[in-house]
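Chain Z is already provided as a structure; the job is to place chain E on it using the hints.
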Amino acid sequence: KNQVEQSPQSLIILEGKNCTLQCNYTVSPFSNLRWYKQDTGRGPVSLTIMTFSENTKSNGRYTATLDADTKQSSLHITASQLSDSASYICVVSRFSGGYQKVTFGTGTKLQVIP
Amino acid sequence: SQTIHQWPATLVQPVGSPLSLECTVEGTSNPNLYWYRQAAGRGLQLLFYSVGIGQISSEVPQNLSASRPQDRQFILSSKKLLLSDSGFYLCASQTSGDYTDTQYFGPGTRLTVL
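Taken in sequence, the protein lines are chains Z and E.
One point on numbering: in the working numbering, the residue at position 1 of the first sequence is 1, and numbering is uninterrupted.
Position in the second sequence (from 1) plus 1000 gives the number in the working numbering.
The set of hints was computed from the structure by calculation and includes no laboratory data.
For clarity, every value in this text was computed on a predicted model and none was experimentally measured.
Hints may be right or wrong, so weigh each one.
[Said to hold, decoys possible] Not everything, but these chain Z residues come out facing chain E in the computed CB check (under 10 Å): (1) 6; (2) 9; (3) 13; (4) 34; (5) 38; (6) 41; (7) 43; (8) 45; (9) 49; (10) 60; (11) 61; (12) 91; (13) 93; (14) 105; (15) 106.
[Claimed, not checked] Here are the in silico distance ranges between beta carbons for each label pair: (16) 113(Z) - 1079(E): 41 to 49 Å; (17) 1003(E) - 59(Z): 14 to 22 Å; (18) 81(Z) - 1082(E): 35 to 43 Å; (19) 68(Z) - 1062(E): 27 to 35 Å; (20) 22(Z) - 1069(E): 40 to 48 Å; (21) 20(Z) - 1067(E): 37 to 45 Å.
We put the beta carbon where it would ideally sit given N, CA and C, even for glycine.
Same shape as in the complex, but just chain Z (with noise of 0.2 Å):
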């Protein structure tokens, strides 16, 4: 079956602090994980997206990882900012039959506090 587990459910942290997010998947054939960043109400935005032969990407204060051996990614943010406060998806997506099918996370809600 495909899955994809998000690991904390929610997290509290100190504006400036660092924070890491898990996201173990069950997903195949894979095609590519990407991490979305949602604000309460709103749709969710891209972050990052990574293939099977990237093992790490960067955008900005955000840096993901992936595993495909272990079939893990992470999620890491740094010196994090009150505007961080969000829920953070995970979804990993299979190429079939001309579209992509997406399997979403149930997210990590963060929360940065001053």
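Just chain E now, with coordinates in the frame of chain Z:
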């Protein structure tokens, strides 16, 4: 990049009433289009996808339907809403044929069925 428009932003409807949510896309041609629903505390669930005008595929059985009357217009409908239809509905667009391309999400429609 693509821009996805959705309306209305919020909607409160009684059980048994009809529904029509609209999504339009700018910045691309012949996109793959998707309708997702996000229930509170749950991951996004794919409802429908479309690879072209008039081509609709459904991922889950339900009382909702979708139509694509124009290349960059995607409509989600129901003849009679159920309480379980409440949720956050997101439209997404992706450049067709490029499996690494990001799905761009609209701002979403918050539907409450009373």
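Against the structure, test the hints numbered earlier, and report the numbers of the ones violated in rising order.
3, 10 and 11
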